[in-house]
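Novice: Heads up: the protein sequence lines correspond to chains A and B, in order.
Per UniProt numbering, the very first residue in the first sequence carries number 1; after that it's consecutive.
Per UniProt numbering, the very first residue in the second sequence carries number 1; after that it's consecutive.
Be careful, since some hints might not be right.
Unchecked claim - Chain A side only, calculated, beta carbon under 10 Å to chain B, not exhaustive:
id : residue
1  : Gly49
2  : Phe69
3  : Ala131
4  : Leu156
5  : Val213
Derived by calculation from the structure, the hints in this document are not laboratory data.
Even for Gly, the Cβ is constructed at its ideal location relative to N, Cα and C.
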Amino acid sequence: MLKLEAVGHDFGRERTLAGIDLAIVPGESVCLVGPSGCGKTTLLRIAAGLVTPSEGRVSDAFHRSTVVFQEPRLLPWRRLLDNIALGLKAQGVPRRERLARARALADELGLAERHHHFPHELSGGMQQRVALARALAVDADLLLLDEPFSALDVGLRSEAQTLLLELLARRGIASLLVTHDLTEALRLGHRVLVMSPSPGRIVHEERIARPFVERDTAFLYEAAGALLRQASVAESFLFRQTEVSP
Amino acid sequence: MKRSLPTHCIETLLGWGGSLTGVLLFVALWEWGSQLYGSFLLPGPRDALAALARLWQADALAAVWATTWRAMLGFALAAVIGTALGILAGLSRTLGRALEPVSTVLLGIPPIAWIVLAILWFGSGSLATVYTVMATSLPVSFAGAQMGALTRDRRLQEMADVFAVPPLMRLVDFHLPHIASYVFPALITALGVAWKVAVMAELFATEDGIGAGLAMARVNLDTAAAMAWIVLVVALLLAAEHGLLRPLQRRMEPWRQTGRGAR
Numbered sequence: 001m002l003k004l005e006a007v008g009h010d011f012g013r014e015r016t017l018a019g020i021d022l023a024i025v026p027g028e029s030v031c032l033v034g035p036s037g038c039g040k041t042t043l044l045r046i047a048a049g050l051v052t053p054s055e056g057r058v059s060d061a062f063h064r065s066t067v068v069f070q071e072p073r074l075l076p077w078r079r080l081l082d083n084i085a086l087g088l089k090a091q092g093v094p095r096r097e098r099l100a101r102a103r104a105l106a107d108e109l110g111l112a113e114r115h116h117h118f119p120h121e122l123s124g125g126m127q128q129r130v131a132l133a134r135a136l137a138v139d140a141d142l143l144l145l146d147e148p149f150s151a152l153d154v155g156l157r158s159e160a161q162t163l164l165l166e167l168l169a170r171r172g173i174a175s176l177l178v179t180h181d182l183t184e185a186l187r188l189g190h191r192v193l194v195m196s197p198s199p200g201r202i203v204h205e206e207r208i209a210r211p212f213v214e215r216d217t218a219f220l221y222e223a224a225g226a227l228l229r230q231a232s233v234a235e236s237f238l239f240r241q242t243e244v245s246p
Numbered sequence: 001m002k003r004s005l006p007t008h009c010i011e012t013l014l015g016w017g018g019s020l021t022g023v024l025l026f027v028a029l030w031e032w033g034s035q036l037y038g039s040f041l042l043p044g045p046r047d048a049l050a051a052l053a054r055l056w057q058a059d060a061l062a063a064v065w066a067t068t069w070r071a072m073l074g075f076a077l078a079a080v081i082g083t084a085l086g087i088l089a090g091l092s093r094t095l096g097r098a099l100e101p102v103s104t105v106l107l108g109i110p111p112i113a114w115i116v117l118a119i120l121w122f123g124s125g126s127l128a129t130v131y132t133v134m135a136t137s138l139p140v141s142f143a144g145a146q147m148g149a150l151t152r153d154r155r156l157q158e159m160a161d162v163f164a165v166p167p168l169m170r171l172v173d174f175h176l177p178h179i180a181s182y183v184f185p186a187l188i189t190a191l192g193v194a195w196k197v198a199v200m201a202e203l204f205a206t207e208d209g210i211g212a213g214l215a216m217a218r219v220n221l222d223t224a225a226a227m228a229w230i231v232l233v234v235a236l237l238l239a240a241e242h243g244l245l246r247p248l249q250r251r252m253e254p255w256r257q258t259g260r261g262a263r
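Please model the entire structure based on the sequences and the hints provided.
Specialist: So this is what it looks like as structure tokens:
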């Protein structure tokens, strides 16, 4: 499992994170939600090992963790299959084998017809699926996702969320997903953690018992409404209590 | 969007027609100027072509070959050394700080000064020309490669960190393709510099080549021959750019080419 204990971080003279305690067990899906600039991306970077926190301890017992960024971050000069196989190439997997695995993943993610396209020839949704396939290709058991669907429009986003749920469940991958969209967090998480800015800290934790398939739109809005009635959550999103309750 | 073949042909023809219009306009202006100032000061295009035919019979090919290999050798050396140093200077901040002023100084030295130095160092001949070409086009390729290495996408670097990409793969798959997109335009500029400087160096340093031919035309007050040599140099430069560098760029950057086609 991944464990963050009393993690705090300073960026220059500014305190971006304070007193973060967070644990993710294998197969669990945790969503981190908060307004822009509350330090959730920094927290994700710390969890990914890209940033060393100023204080606190991070221990990662997962076999392998990868990141899906807000933008696809594909190599513009490599074709789709080579982009998916990038992590395998870095591991030294022979070309024939890594391309075979990339091909299988591309087909699974609905990119079958576009094996030899360059990234700029793909739509935004497809590029993000390539980025997802690239992360899955290295057999990660922890996936860290930084607002991966925020650039997609509503229909595509819902489609991508469904795909992600399926892929995570099928492989039993744990995930930490960062988002500013409360309904997205409620749809994708076993647990939802709400963050509040300056300094970034976790102000509320909500465990969602309802199975993923039963989380329809009505449930999502109702749950989001209920969550926003919590004083700490409302404050974090800069709502006043009077604005939320009818 | 894909266009149909006939539309594509017509568009291509129109494109050529546009370029041809520009060339014809230039030739017309040239002819007009020649009639205004007389054929001694400014021989017309037909005089130049006649002179070119005369030169061709008098073995201009040898001169073209002499200039070509000097320019290309100097250019090739400058391209290899300049690009390699530029990449290093862009990747390492320390080396960049050390090399940048050197490059600025080299860029500031006029080609004519290099020729004088080269003749003093190596004596008259091909070596002086090749050296001058190299010294003047090297800073150009250096600057291009350095700019390419400096503008690497930090987001892609972070992605490389996530996937623990080893150093060699980082260079080949991440850095070099990006740098190449800066190096090619710089090399095309450097090639132009190389030709011009080669001809100029030959004017002073050698007995053969296009530059020597120009010197001869000056001595003989043969303006038409000078014009003919100029036409020849421009034709050679265009041939080197469109026959060598641009096809090389298309081969090495297929991801750009399809981008152009698709738009």
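Novice: For every hint, state whether the structure bears it out.
Specialist: Structure-based check of all given hints:
Because the beta carbon of glycine 49(A) sits about 9 Å from the nearest beta carbon in chain B, less than 10 Å, this interface hint is met. With a least beta-carbon distance of about 7 Å to chain B, the hint placing phenylalanine 69(A) at the interface is held under the 10 Å criterion. The restraint placing alanine 131(A) at the interface with chain B holds, with a minimum CB-CB distance near 9 Å, inside the 10 Å limit. With a least beta-carbon distance of about 21 Å to chain B, the hint placing leucine 156(A) at the interface is violated under the 10 Å criterion.
Interface restraint check: valine 213(A) against chain B, minimum CB-CB distance 31 Å, threshold 10 Å, status violated.
Hints 4, 5 from the earlier list are contradicted by this structure; the remaining hints agree with it.
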